[in-house]
Structures are given as structure tokens and as C-alpha cells.
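K.L.:
Here's the letter readout for the chains.
Number of protein chains: 4
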Amino acid sequence: MSFHLTPGAEGLRTRLFHIIFESDTPGSKAFDIALIIAILTSVAVILLDSVESYSDRFGHIFFYVEWMFTLLFTVELAVRIYCLERPTIYLKSFYGVVDVIAIIPTWLVLLVPGAHGLVIVRLLRVLRIFRILRLMEFVGEARLLLDALKRSLRQILLFFCSIFMVVTLFAALMYTIESPEAGFTSIPMSMYWAIVSMTTVGYGDIVPATSVGKAITMILMLMGYSIIAVPTGVFSAQVLRSIREDRYSEEACPGCGHDRHEKRAHYCLRCGTWLDEESEDPRKKEEKKDDDQQKGGDQNTSQDS
Amino acid sequence: MSFHLTPGAEGLRTRLFHIIFESDTPGSKAFDIALIIAILTSVAVILLDSVESYSDRFGHIFFYVEWMFTLLFTVELAVRIYCLERPTIYLKSFYGVVDVIAIIPTWLVLLVPGAHGLVIVRLLRVLRIFRILRLMEFVGEARLLLDALKRSLRQILLFFCSIFMVVTLFAALMYTIESPEAGFTSIPMSMYWAIVSMTTVGYGDIVPATSVGKAITMILMLMGYSIIAVPTGVFSAQVLRSIREDRYSEEACPGCGHDRHEKRAHYCLRCGTWLDEESEDPRKKEEKKDDDQQKGGDQNTSQDS
Amino acid sequence: MSFHLTPGAEGLRTRLFHIIFESDTPGSKAFDIALIIAILTSVAVILLDSVESYSDRFGHIFFYVEWMFTLLFTVELAVRIYCLERPTIYLKSFYGVVDVIAIIPTWLVLLVPGAHGLVIVRLLRVLRIFRILRLMEFVGEARLLLDALKRSLRQILLFFCSIFMVVTLFAALMYTIESPEAGFTSIPMSMYWAIVSMTTVGYGDIVPATSVGKAITMILMLMGYSIIAVPTGVFSAQVLRSIREDRYSEEACPGCGHDRHEKRAHYCLRCGTWLDEESEDPRKKEEKKDDDQQKGGDQNTSQDS
Amino acid sequence: MSFHLTPGAEGLRTRLFHIIFESDTPGSKAFDIALIIAILTSVAVILLDSVESYSDRFGHIFFYVEWMFTLLFTVELAVRIYCLERPTIYLKSFYGVVDVIAIIPTWLVLLVPGAHGLVIVRLLRVLRIFRILRLMEFVGEARLLLDALKRSLRQILLFFCSIFMVVTLFAALMYTIESPEAGFTSIPMSMYWAIVSMTTVGYGDIVPATSVGKAITMILMLMGYSIIAVPTGVFSAQVLRSIREDRYSEEACPGCGHDRHEKRAHYCLRCGTWLDEESEDPRKKEEKKDDDQQKGGDQNTSQDS
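Chain order of the listed sequences is A, C, B and F. Heads up: the first sequence runs through residues -11 to 293, numbered per my numbering. Heads up: the second sequence runs through residues -11 to 293, numbered per my numbering. Heads up: the third sequence runs through residues -11 to 293, numbered per my numbering. Heads up: the fourth sequence runs through residues -11 to 293, numbered per my numbering.
Next comes chain A alone, as it looks inside the complex (with noise of 0.2 Å):
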């Protein structure tokens, strides 16, 4: 998701596009890391002001904050929509979208007085560090985990399915042997205790009382305790190759087609075919040397290669 400016755009325009949309420049960065301070801060103020003792006493100067950084986010998402030449694009867009959210529940209290509850919605704007992460340093580094993560998604998927028929099975299991005094009420209640169980959460708000019951709740937490090892070997091993072959250049060799040489390799390991366009292959100087010469004892240096 990139968003252009308009091409005919004034210099404010341009100057305001590159400090918000982009991350190159000081001022930019500085505005990113002045975004970041504003959002946590507007979370920490709503997180205290829905803590009782914090409220009945700075409750006012909690509303007062709230109202500020609603303008702040205002005007922001107003120069957002005057420097793009396509505003609706940018609107539709997630981080669009989670921007008006974040100021609507605020100007809601105007004409709906109820509406003050939903103001806990802007903490979504949480999510934007996320983009400015990834507009800083952090592309490659996350590049290479949705590397990682795509590879091992249908291993992962068929761990969730795995968990899941488990979950199922030791649900209507438990609820079948327990009684409902225990907690055991329901299948759904019984697959909320399998899944407290098998993910070594366990609350203890439910818990087995029969012997049965207890035998196989130590079955179902020795799984539990186990193959969360499958998912974590699965992705250790995705996140070596990505490392890996983040270092190997994608393209062939000319010589016999081999894929896996080091990004600066010179030669290609299999055949001996110079790789490197930048520079001369040294081999080729000793040959015509040798052209010159009649062949002598140096033409084994050539061939070590």
C-alpha cells in the first residue's frame, strides 16, 4: 500500500506527503516517532481514565487530554487526505479505516451522549506502529518471519486442525465423564477447559473430579506439553533456510545452471563460470597468457581453480 501525492501538487503539499507517508528524512522521522509518543500516550490515558480511582480523580483532565489528541488526530487525518490526490484510496484503506475509527467515538459524544464507551475503539490506532515499523528499519527483518511464516502456513494450519479434533474429542470425552458440578456443563464449556488444559494455561476455574477424569486430563496436558514442539521445529527450520538463502543470489549460473551461489561468490561452485559481471575473470588473462606461450608448467594454476 503506497499512496501518491498529486503530480502537479504545490511545495507544501510535496513537503507534507514526505513527512507523513514517507521515513527518508529527519523531519519524517521525526514525525513518526512524534506519532508513536502521541498514540501510546492517548492509550495510557484511556487505559488510566477507565481505572475507577484514576477517573473520579483526574477524570477532567483525562477528558481534557482526550479532547487534544482527538484534534491532533483530526488534523492529521485532514493533512492525510489534503496531501493525496486520491484521499478515498488512502480512506479505504486498513490503516484508513482504523484511522477515522480512532476519532469518531470522541466526536460522537456531541450528538450521542452514550457514545463515550466506544472511545476504547481508538486503541486500535495501537496497530499503526506496525506501519511505521515497517516503513523503518524493520522490513527486512519482518520480511523475513512472513518468509518463515508462509512457508510453514499449511504446517501450521494442519497443527490448528490437529488441536482442534483434540480439543473436540477430549471435550466430549470429559463432558460424557464428569458431572456438571465440576464445571463440565456443556461441550462448548468442556472444549474451553481442553483448550485451558492443552495449552498449559490452566486456570484451575475447571478442573477434573473423577479419577477417569483426572487420568485423562495427565494425557491431555503430557499432548499439550508436547507437540507445541512440532509448530516451534517447524518454523526454527523455516527460519534457518530464509537466513540462509537470503545469502544465496537467485540467479543461475550461465555455464551450467546451478542457483545457489553466495551472493558474492566470483565463481560458480559446480562449473568454474565467472560470475561476477563487475570485474574480469583472472583465468582469462592466464589463458591468453598461455595462448602466447607455448603451454607450459603454469597451466596448472589455471586448472586448480
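Since the hints were made in silico from the structure, they are not lab data. Backbone N, C-alpha and C define an ideal beta-carbon position, used for all residues, glycine too. A few of these clues could be false.
Taking CB as the label site, the calculated pair distances span [claimed, not checked]:
hint : chain 1 : residue 1 : chain 2 : residue 2 : range
1    : C       : THR76     : A       : CYS149    : 26 to 32 Å
2    : B       : THR198    : A       : SER43     : 25 to 31 Å
3    : B       : THR198    : F       : ALA22     : 36 to 42 Å
In silico lysine to aspartate or glutamate, EDC-like type, Cα no more than 20 Å apart, as pairs [claimed, not checked]:
hint : chain 1 : residue 1 : chain 2 : residue 2
4    : C       : LYS202    : F       : GLU40
5    : F       : LYS202    : A       : GLU73
6    : B       : LYS202    : F       : GLU40
With chain A held as given, fit chains C, B and F onto it using these hints.
P.N.:
Chains C, B and F alone, transformed into the frame defined by chain A:
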């Protein structure tokens, strides 16, 4: 497990066989997806029916839906049997047994009124999802995982053996140290506690009361916390190995017997023998040229490979 | 630990020695399996005997079964001593001590009535399963794991040192912040809580009551949650290295000293020296031919290796 | 951080410096071990003193032991300062500050009666164990781990950022869904619950009461259960890379620039240049022979490398 249809089967039977037992035509894929949806819906109905408040209100709807699915799965089973030349082999197979078990409970209600509770075994049908996944594109991924699991099987067995011993010894120790009032009423109960603690589930229904018991618990928890690194490490290594070997051809080099060539390798990396049977060795052409010409400087290029 | 039998031993003694102390004949394998079954059964009896309802009903059966196993293990111990030339070495070894300890409690009851509770130490006998596994085919797998463990030993020590310090500092912190009413009655108790939290067990018997305590707990939990990646990562890497090195021969190449050849390699990958001592280098034959013939075009094939 | 002693220091001072600040002589190793024992003992005394039943009985002994350790550590600090030419640099360093903080509380009691509670900060002294470990043989291992951590730093940051966002959003969601009676009294409290659930600790002091809340909890628990595979995978891959690169020399080949040679490699694997500066290239000798003789069949051996 693959089922073959009657050789001299008429058109309908053949077509049904392909739709139900295979998954490479649009029709059979649609059938697979419809089957998964039907299974998940029938599972959802059973789950909701077990919740008292829902079964009170929608009990009669659930009743009809359940009969509908029973009829549907009965028809499906009948068609499966009709398609096959030797249905008994299918009926004795794992998925055959599951399919039969899934429809029996509802039919049994007609004979035995109390059999309704058994409807829960229909949940076993979710296991069929695995079979459908296997038929679809998940074969490669699952094979890789199973391959890695098979290789680490012994180490996993060793891991479970060790856990069993640690759990037994800690359970016996805690049974003698802690009083029955704290929940350690017997060694099996202490084993339940030990597994709850070691797998880091920690329900909190049984906790040590004495100082010595707490000290022993700390050791057990630290063991459980860190010992999981062992199967994870083993499995990671095995998955990586499986992925890597997947890249290698299993055919040995006819020149030197080396059998770890990449699947797309043209030359044997060890002795230089040409491996790709579909194309011709470029060196051979050069050799022919060499035979025609007198031995010259371009001999080097053929020796560098 | 391997025990040798009397050199001039008669036939029975030799045969018993092979059956009991080795595991490569059908007889000795049957003995190992019978011993594992006997140990597990005797363990099961002790477990069930500790459950009051079972011991009330089947107490007298358990009593006879226990004596039967005591006699059985006593006979086994006697035969072991009889087989060996120097039984004292065996009796001082780990498994010798375990074997003696396992039968003492039941015999002690004849002298001291209250000694019955000690029968629990018989559970230590389950440790013998490890020895049997070692004798059976698990040697290679265990060696690989131990190899990886030995290599990551220091990093694991460092890991436990770090955990000890984090736990101590967080425990001291929580002891000063939280009140004794919440369960933080002393620093050792706080350490128990810190380990319960950090290992993600989370019994819930001691939980922070104050806001500051909860904030500190969040940090501790996140540390415990993510720090486990460190030993897992280290161990994964070490297992992979062990597996890989298992594939390589430890013999150096006589030509260039390179010592990372695959066990089944014929040539040294670095300098081309022939490694397989059992067969002859195919190039040598060609060279002989070369000497006979005049140097010709087919010299290329021998140089390509 | 390394501290240098006064250049023209007398014999005692030099000897003390070597004993206290280094760790390669038997004397300094003994000092390190004695210091670790002293620190651990003083920590143990503080821990036991915090247990009421022990402090009631042995309070006066603990009092004297505490003063003994305070005097000991004061003398140690004085000697450290005496040894160094610029003690202020040491006193401003991390371990200098810790050393001073560790003895202040006990001395402060002489002035301020209530200061005794501060004795707990002495626990910070356990951190010195890290320094001693660093001085001892753990340098290599720690370097490897730190190297891997440094490489995965960004991915770990990304991981904690993601956790923070997931926790915030789930906390806000649960705060609106669940009632304060269930424990979800504020968003920070819900965040505490979310971290307890996501890290799989699961105290059970706050659990969802409604069905929707339980469904959301299931998703959160499954996320927490499986997301840990990400940092583990990343870290595993990085440790493996660190181990592998440790095996490789950082010196580039003078022939072709290839810089991934094993530390003990004699030839460059890519271009065949002789790397081992301490011995002579065996091929050169052969070449000399070649120059003496006429070019013959044994030319092959030198070309095969």
C-alpha cells in the same frame, strides 16, 4: 488405503467413485468441501445441543437437524458401499468404522430410548477432515512432518520415559512429605499433581503446603520448564534435515556412487559425471571438437568444470 | 559399567550372565522385557496400594503380590551376585545400590513393623528401565542427546544462573511491595511464587494484590515466557550439529588433512585423494591406460573428478 | 570494563589487584570462588531472616552474621579502591555501584533505625556472579549467546511489540464484554489478565465468566501457546548461525576473495589457493618436480585438487 471400484462398473458408479474417493476433479473437490461443511455443522449442532439454555429453546430444531444429518451421512455411506466392489474392506478400514459409528447412535434411539447420549461419538467424524486434507494438497507437508516425527520417535520415547520416571519419583516423594489434607491423598493423585506441575499447566487445585514440599516443587517446575527444550531441539533438527533432504535426489551418481545431489543438479559434484539424462553433457561436444582439432588452449575450459 | 564373569565359570553361570547382563540374544532380550514388566507391575501395585479405597478392598492381595515381587527381585539379585566374579563392584554401582534398596523395605518389615512405608523407595527401580534401554537399541539416540547436552552444558548453567538471579531479585522486590496477607510472607515464599510465575506454571495459590505488584508480575511473566527460547535455541542448534557430525567420518584425508568427509565418501572433496580403502580408485586404472596410450582427449574425464 | 592499577604500584598492591580483578592465577580463582560462596551465604542469611519462625529463633545469630558479611564486603571494597589508581571510575561502574549499595543498608542502621529493611538490596550483589562467570571460562559461551541475541534483537522487539498490541486489544475487548465482578475492573487489570493468559501462566485469579469472554479467551490462549514458536525459531536459527560462523575463519582468500573457509582449511575451497601460511603447499613441490621432469601422467594429482 485406496479402494478400487468394480471393473465392469456402469457409468454412474464410476462417476460417483471418482467424486467420493478421489479429489482431483472439480466435482470431487466440491464434494470434499461440502462434506467438511456438513461434518462441522453437525458437530456444531451437537456442541450447541449440549448447552442447556440452547437445547431448551432450540431443542426441536436440533432434533430435526440431527436427523437430517443422520439421513445425509447414511445416504453417503450407502453410496460409498454401492460404489465399491469390495465394501467390506472399506467397512473394516479406520474411516469406514468411523463412518458407521457416526450414524449408529441416532438410529439406535428408535430401538433403545436412552441411546441418544451416544450421539457424541459422531464427533469422531471430524477425524475424516484429516483424510480429506490428505487427499488435498497437504500430502507433502504432512509427509515431511511425519518423516521428522519418525526419525525423532526414539528420542521422543526416551523423553516420555524420562518424564514418567521423574513424575513417579517426585509423586512418591511428595506423597510421603505432604499431608492428604493438601490434596496428596495417594501416589496416583500425586502423579496427577506432578504432571500438572511439570507440564506447566498449574491448575492450583493441589498445591504443596509445607516448605520442603514447596522446595521440591520448585525443582520440579524448573525441570518441566527447561526439559521441553529437549524434544523441541530434536524435532527442529529433524525437520530441518527432512527439508534439506527433500532437496536432494535419492539417485546415486553412476560415476562414483555419491548420492546427495540436488534434484536439479546437472553434474555430480564429487566426480563430475553428467547426471541430467534429458539433456546432453556440453563437455562431450567439446571433447568431440578436441578430437577433431589438435589439443589446444581451449582444453582448459573443459577441465575447469 | 560392565561386569565380567568368573573366567573359569561353569556353563550355567556363563549362560545366566549372558541372559542377565547382556542383551543381544533372544533369551537376554526376553529377560529384559520380563524385568521391565515386573518392575512396572510392582510399581503399579505400590501406586494402587496408596489409594485408600483400593487398599481397603484389595489390601491383602497387594500384600501377597508385594511379597511375591520382593522374593522375585531377591532371587534376581542373588543370581546377579552368583554370576559375577566380583559382586562387590556390582553392589557398589548405581544399579546395584538401587537393586538392594528396592528389596530392603519389605524384608525390614519382619524386623521393624513401621518400615512398610519405606516400600516406596522401590519406585527407584523404575530407573533400571534406563539401563535396559541403554542395553537395547537406544544407545545411538541417547548418545546424540547427551552429546548435544554436554555441548550446551555451560549455556544451560548460565541459563539457570540467570533464572536464579531474576527469581531472587523479583522475590525480594515483591516481598517489600506485597503484604504478607497476599501470601508473600517471606523471601523464600516469594521465590516460590516467582518460580511458579516464571516457569508459567501459575498455580494461583499466591497472586499479587497491589497494582505495582501486578505490573512487576507482568514483566516477570513475559520474561519467563520468552526466556525459554534461549535454551531451546541453543539445544536445537547443538542437536543439529551432533546429527550432522554423526554423518561425517572423523578420519582425516591423507592427502590434505581435510577431516569433514561424509562417512561413505570415496574421494576427498577438497583435494581429490581416494579415501575408500576397500576398493580401488577408478582414476588409477585410467591413468595406467593413459601411460599405455599416448596422452589423448579422454584424459579430461580423469581430470574432471 | 577493565580497571588498571597504578603504574608504579608496590608489590602488595599489584598482587592484590591480580587476585581481585583477574582470574587466571590459582590465587585469583580461589578469591572468586570464596567471593561467590560469601555472596551466596549472605543471600541465604537474608532469605532465612525474612522467614518469621527462623528470625524469631536465630535472629541474633543472623544479626551477627549480617554484620560479619557487611564488614567483610566493606574490607573487600576498601581493598578494591586501594588497588586501583582511579577508584572513582570503578565506583561509577555498574559493579562498583552494586558493591557500595550492598554494604550501605547495614551501616545506615547505625544512623537511621528503620533502615534495616533496605538490607534486601544486598541481594543485588548476586549479580556479581555474572562478572565472575565472565572472568572465568564462560566468556565464549556467553559471547555466542549474546551474538545470537544481538542478531535476533529486532525480531524480538517486533515480537514484544506484537504481544503488547494483542494484549491491549484483547484487554479492551474483555473489559467491555466481561463485568467488573469477574475481575475485569479496568483495562490495566484486563491487560494483567491478558498477559497471565497469553504467557500460559494462568493463575486463575481472574477468569472469564461469560460465554463470549470464554470464546475470546480460547483464541488468546491458542495465540499465546503457538506464538512462542516465533522467537524460539528465530533464536534457534541465529544460535546455529553463530556456532557455524565460529567454525569459519574471517580471513578472505588472497586468490579469489572467498571468505567462508573453515578455520583449519589448507586450501581455498573455491579457487584452490593455499591458505595455511605455516606449512608449504604440497602442490608446489610437485610442480617443481614437474618442471624438472617432463610433463607426465602424475600431473593429474596436482590438477585434481
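K.L.:
Hint by hint, note whether the structure agrees.
P.N.:
These are the hints, each one checked on the structure:
Between THR76 of chain C and CYS149 of chain A the beta carbon distance is about 30 Å. The supplied range of 26 to 32 Å therefore holds. For THR198 of chain B and SER43 of chain A, the Cβ-Cβ distance of about 19 Å falls outside the hinted range of 25 to 31 Å, so the restraint is violated. Look at THR198 of chain B against ALA22 of chain F: about 39 Å separates their beta carbons, and that is inside 36 to 42 Å. A C-alpha spacing of about 17 Å is found between LYS202 of chain C and GLU40 of chain F, which places the hinted pair at or below 20 Å, so the restraint holds.
For a cut-off of 20 Å, the pair hint linking LYS202 of chain F to GLU73 of chain A is broken: about 45 Å separates their Cα positions. Under the criterion of a C-alpha separation no larger than 20 Å, the hint pairing LYS202 of chain B with GLU40 of chain F is inconsistent with the structure, at around 25 Å.
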